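Keeping the supplied structure of chain A fixed, place chain B upon it in accordance with the hints.
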Amino acid sequence: MPDPGEKRRDGITLTAVEPKDGTMSCRIFISHGRLQTVASRGPGLVKECAFIVPQILSAPTCIFEGLRWEEDEDRWGYGWRCYCGLPTQAFRRDGTSISPHTGRVYLVFVNDEAVAYNWRWENADPDNLKLPLNHEIRFKQRLL
Amino acid sequence: MNHMTASEFAEHMARLAESAEPFKPTATYDKDGDCIEFLASPEPFYAERIDDLVTVYYSLETNEIIGSLIKGVSRFRKNLDENLPGWVIEIIDGRVQIVHIFRAHVWQSNPDPASLRGVTYRKLIKVAEESGVEAQLCAVS
Numbered sequence: 001m002p003d004p005g006e007k008r009r010d011g012i013t014l015t016a017v018e019p020k021d022g023t024m025s026c027r028i029f030i031s032h033g034r035l036q037t038v039a040s041r042g043p044g045l046v047k048e049c050a051f052i053v054p055q056i057l058s059a060p061t062c063i064f065e066g067l068r069w070e071e072d073e074d075r076w077g078y079g080w081r082c083y084c085g086l087p088t089q090a091f092r093r094d095g096t097s098i099s100p101h102t103g104r105v106y107l108v109f110v111n112d113e114a115v116a117y118n119w120r121w122e123n124a125d126p127d128n129l130k131l132p133l134n135h136e137i138r139f140k141q142r143l144l
Numbered sequence: 001m002n003h004m005t006a007s008e009f010a011e012h013m014a015r016l017a018e019s020a021e022p023f024k025p026t027a028t029y030d031k032d033g034d035c036i037e038f039l040a041s042p043e044p045f046y047a048e049r050i051d052d053l054v055t056v057y058y059s060l061e062t063n064e065i066i067g068s069l070i071k072g073v074s075r076f077r078k079n080l081d082e083n084l085p086g087w088v089i090e091i092i093d094g095r096v097q098i099v100h101i102f103r104a105h106v107w108q109s110n111p112d113p114a115s116l117r118g119v120t121y122r123k124l125i126k127v128a129e130e131s132g133v134e135a136q137l138c139a140v141s
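So the sequence lines, in the order shown, correspond to chains A and B.
Going by the numbering used here, the letters in the first sequence line up with residues 1 to 144, in that order.
Going by the numbering used here, the letters in the second sequence line up with residues 1 to 141, in that order.
This is chain A alone, in the form it adopts within the complex (with noise of 0.2 Å):
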């Protein structure tokens, strides 16, 4: 639920990747409203976030620019960016680490205004497993 009385540059920023020239120049936030909701998900979707979202957005595989919804490209357009990558370690529900899941990858969306507001493992594409399913369509460009 949206609180009211969060300020909207109330929260944290993580290191990332510049498309643009590949440094890691990016700066990445994420509201604090965001990070107490998933610190109440228990223990795997914590570590989730804790150790691999950082490490996605400092050593994607690819990224990805305009998110393609369907109509409603200008709020969606350009300026939407996937992060994707393929994490090293993975978490079971209690938090144990286990290996990375084959055949996925770990997306993080990033908004216009450089706000990571979701994670996730997704399906990769089978022809090649570093970048997610459906790629081709789903994304207006590709920046890295």
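Treat the hints as calculated values from the structure; they're not laboratory data.
Since the structure is predicted, the reported quantities are computational estimates derived from the model, not experimental observations.
Virtual Cβ for every residue (Gly too), placed ideally from N, Cα, C.
Mixed in with the good hints there might be a few duds.
A short, non-exhaustive set of chain A residues, derived as facing chain B with CB atoms under 10 Å [claimed, not checked]:
1. Gly-11
2. Leu-57
3. Arg-93
Showing chain B alone in chain A's frame:
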């Protein structure tokens, strides 16, 4: 705003988790993504998009549906208010049971019940109904 290294961020998350309330099924509106994230079980998941509105979350351990992401909430609500005005009776103080959002979308988009999408929506509606979770809707502009 506080910049953190990866290790600082991991410690920050551990601290937040220590003081967090126990998990309960939730549907959270995120204005940064203009999306509602519904989660019925506290476990890692993978996601599959089923149409332009909904991405379904499946447990990585059981492959059962445990949640979803509803995208473009502002546009969706505006569309519903215009084309299915009776649905507003389900909104009380800006809140609505998440299951009503799925039902409203299904009744509008009319998926083939025998299709994978139709079957998936039936399962998702069941999970949402059992959870009894409400979501706060964004204001209509």
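Inset, instruction - Run the structure past the numbered hints and jot down the numbers of the failing ones, going up. - result: none
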